[in-house]
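Here the protein sequences come in this chain order: W and V. Residues 1 to 590 (the numbering used here) make up the first sequence, in order. Residues 1 to 350 (the numbering used here) make up the second sequence, in order.
Just so you know, the hints here were simulated from the structure itself, not pulled from any lab data. Incorrect hints may appear among the rest.
[As the list claims (entries may be wrong)] A few chain V residues that face chain W, going by a derived Cβ cut-off under 10 Å, partial list only:
#1 Arg9
#2 Pro14
#3 Cys33
#4 Gln47
#5 Glu340
Beta carbons are placed, not taken as given, at the ideal position from N, Cα and C, and that holds for glycine.
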Amino acid sequence: MNPTDIRNPEYFHKVIDCQHACPAHTPVPEYIRLIADGRYSDAYMINWVSNVFPGVLGRTCDRPCEPACRRGRVEEEPVAICRLKRVAADFKSDISHRIPGPAASKNGKKIALIGAGPASLTVARDLAPLGYDLHVFDEQFAGGGFMRSQIPSFRLPEEVLNEEVGYILNMGVVSHFNHYVDSLNHLLEQGYDAVFVGSGAPKGKDLPELEGRMEAASRIHIGINWLANVAFGHTKEIGEKVLVIGGGNTAMDCCRTSRRLGGRDVRVVVRSPLNEMKASPWEIEDAQHEDIPFYNLHSPLRFVIRDGQLKGMDFEVVEARYDQGRRTLVPTGEVVFMEADDVILAIGQENSFPWIERDLGLDFDKWGMPVLNPDTFQSTLPKVFFGGDAAFGPKNVITAVAQGHAAAISIDLFCQGKSPAERPGPLTNLMLQKMGIHEWSYDNQTTPDLRFKVPHADKTKTLSDRMLEVELGFSRETAFHEAQRCLNCDVQTVFTASRCIECDACVDICPTTCITFTDNGEEDELRTRLNAPANNKSQDLYVADGLKTLRVMVKDENLCLHCGLCAERCPTTAWDMQKYLYHAPKACVL
Amino acid sequence: MTYARPTFRNPDLPLNKIGRARKEYEGAISTLCAGCGHDSISGAIIQACYEMAIEPHRLAKLSGIGCSSKTPTYFLGQSHGFNSVHGRMPSVATGAAMANRDLIYLGVSGDGDTASIGMGQFVHAIRRNLNILYIVMNNGCYGLTKGQDSATADAGSINKSGAENQFQGIDLCGLGLELGATFVARSFSGDKQQLIPLIKAGLTHPGFALIDVVSPCVTFNNNAGSTKSYDYTREHMEATAAIDLVPYREEILHQQDKGTIKYIPLHDESIIAVNKLAADWDPLDKSSAMRKLAQARNEHEILTGLIYVDTQSKDLHTLLNTSDTPLNQLSQTVLMPSAEILGKINKLYQ
């Protein structure tokens with residue numbers, strides 16, 4: 001293998017599994033250490049710079065970081081990264097003075113932002129300090145987009161959302177709420193230098209062809225619309241028997257909201273097997289905790305109507321068959337009837353751009369999605385940029401934020417007359433951590449504690465009040481212990497071959513047998529003859545040459561605990577622990 | 001501050017034949033200097049015992065005094081251990097081996113503990129062919145008292161303060177051969193590939209197995225001019241052979257041309273596979289081994305690897321024809337003759 005180029009900013013970034021997996025590349029271990037130190041406001045600001053909505057995400061994020069967390073490979077469960085983020089938001093002091101105010105001088109450029117969801121607000125946040133004149137349009141009465149209309153208050157209290165949306169709007173952003181943009185052409189005529197479309201994926205999927213759909217229309221609801229009606233107070237109750245069709249997170253929010261609006265027998269019915277449901281495991285768990293049963297492998301057949309009233313639904317039981325990894329659902333012929341007063345369809349959502357004229361030079365593909373450059377988010381109409389669910393279909397808040405950052409860079413470059421394709425690189429810093437023979441400036445001891453559980457409010461109370469938040473969040477003390485579980489993967493093991501005397505001290509001390517000195521070879525072959533088998537190919541081998549014996553040092557990054565023992569046992573500081581800070585590029589350095 | 005090792009281990013490391021993880025062969029975290037050769041030898045012992053699937057309670061580790069003799073704390077934490085008096089480990093080991101022949105004995109000593117204060121003990125353990133693997137962690141200096149030259153320091157070697165050693169060093173392997181040791185090897189702490197199979201073979205050998213391991217003192221004897229530094233040892237190492245221990249009833253899986261490999265059967269039907277690298281040398285021929293050793297010494301080379309093995313070795317118990325049942329398990333009823341037998345014995349003297 002060729003020696004590893006550790007000067008490539010992406011090499012050590014990839015070692016920080018959580019940060020690498022985060023679409024916005026939040027420096028996770030950095031803020032977790034600050035939480036352990038009780039520096040909640042500082043931890044919050046690290047998050048705010050990177051992901052803009054720490055309080056919201058600390059409660060609702062899809063957490064791509066957690067399945068990536070190295071701790072999950074070393075023991076049973078990853079660090080509770082998401083809920084630690086909430087800790088930073090919960091215990092911070094007033095940080096409003098640390099948020100930039102309106103720019104002191106304007107740069108003369110005017111930008112329209114369509115939709116006030118996470119993508120648009122991120123673009124606004126990144127561009128406001130640069131002096132842009134920002135106009136955000138949304139049909140709702142306040143900012144937040146789907147974070148406001150879709151996420152129920154028992155998961156995300158309104159004041160948390162208001163606070164974080166407020167920080168951005170107070171940066172001098174002009175908001176046009178209760179304003180539905182019905183023509184892009186009309187907007188373009190008003191002389192904006194660039195337009196950002198962050199209008200989400202606002203159309204919930206339906207089952208229009210299913211028998212009885214029209215007759216029972218008044219008791220059949222589209223999940224995302226129904227949740228919005230609940231959030232805005234238009235819908236206040238639901239029947240006792242509710243069927244929620246679908247297995248994603250929207251279905252989980254629908255069934256749990258139903259339980260709070262009068263639903264007693266609320267069931268979730270899905271076509272797929274339970275273990276293939278799209279909902280996050282923790283959301284499924286929370287729904288089950290609220291006595292909601294799940295019926296899998298049930299395919300909707302018809303709405304059953306008697307005397308003009310919805311009585312329930314017929315389902316056909318299907319069987320999952322697997323052929324070379326491909327799954328097909330085969331009808332078994334068995335039909336099951338389930339009673340229902342109301343049915344909520346939560347089977348997905350789609351993009352919809354009826355307000356964009358098709359003759360503006362803005363191309364759409366055959367699925368009705370805008371044709372975009374995947375790096376710059378620029379459409380074929382150069383001054384129009386997309387981001388969030390509007391760009392590549394529905395994903396999640398953190399992805400919308402990441403795309404907002406990318407689009408903001410593009411817009412800034414475009415408005416300066418530069419090519420949006422010439423992207424800035426990340427800001428990186430590699431810092432020594434050594435304080436003494438056995439002392440490091442990070443807490444390098446690895447705690448054996450297992451993941452701590454977030455306490456929940458009493459079920460009888462939460463089910464009777466849809467505004468009452470279910471999760472109580474970690475206490476300061478539990479947060480400290482959970483934070484200590486973090487392995488500090490950003491503190492890198494940096495190897496300098498010219499100093500190495502090949503004494504094997506690092507090899508002997510390494511708890512997880514990551515290090516091997518051996519003859520070089522091709523990667524696949526090398527992986528088989530290390531001191532411990534290196535089976536996880538998604539994790540790199542760190543290879544260094546230049547040793548006196550002409551062997552190479554090979555470190556399998558997979559299970560490194562970043563405990564620093566290799567560096568402590570190294571007599572020549574050939575190994576050193578150095579903290580790698582990686583800040584993903586943004587339009588504005590905050 | 002780190003004086004503890006994390007409890008997590010690599011979950012992809014397999015268990016050995018008796019279902020034990022390598023972790024079960026570890027000891028406490030070392031307090032020796034960072035980079036000490038001794039730690040590496042500890043690592044090799046852990047690896048060898050794990051690979052050999054030795055039940056930890058079947059092994060006793062014994063040592064004297066010195067940096068080397070501290071190391072049994074750092075390996076095989078679940079085995080028996082006795083940290084004895086300076087240089088007296090061979091006597092304690094002899095007593096233990098006499099009392100219980102069923103245990104595997106691993107003696108750990110240093111160059112001071114063996115070649116100075118313990119020399120009188122060492123030579124007699126060899127002479128009696130005590131069934132023990134005797135590892136000398138040889139760094140050519142007294143590391144525990146700040147690096148004075150030891151009896152194994154080579155003449156002409158320069159110590160950390162710049163003084164040149166005027167006295168001839170004792171070659172423990174040469175001495176062992178002279179005294180009739182039945183298994184003699186030398187190795188280097190920085191070469192586990194060689195050391196681990198030697199430890200396995202030494203533990204299997206019935207009788208006194210000596211492995212003299214050059215183990216650089218990173219703090220006091222790793223300077224330029226030292227003949228026991230990492231650099232010097234690497235530059236002057238000459239290996240007799242690449243060896244491997246094939247345990248009893250395991251298939252021989254060597255891919256090399258069988259013509260270059262010699263298979264030496266051991267008493268329990270395990271086999272040492274020797275891939276010869278040195279010419280004019282036969283590990284079964286003592287005079288060729290002595291000649292090779294002398295030749296290497298004259299050329300300022302450090303001859304490593306298996307040097308000599310006597311496949312007909314008879315250990316102390318065999319020589320004394322002791323009972324197969326360990327002496328410590330013989331009860332009073334077994335040992336005390338009946339009145340009838342005693343009468344017969346008495347009659348012989350009447």
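Checked hints:
1. Arg9: It holds, given that the least Cβ distance between Arg9(V) and chain W is near 6 Å, below 10 Å.
2. Pro14: Holds, about 8 Å.
3. Cys33: It holds, given that the least Cβ distance between Cys33(V) and chain W is near 7 Å, below 10 Å.
4. Gln47: Check passed: Cβ of Gln47(V) comes within 9 Å of chain W, closer than 10 Å.
5. Glu340: Interface hint status for Glu340(V): violated (61 Å vs cutoff 10 Å).
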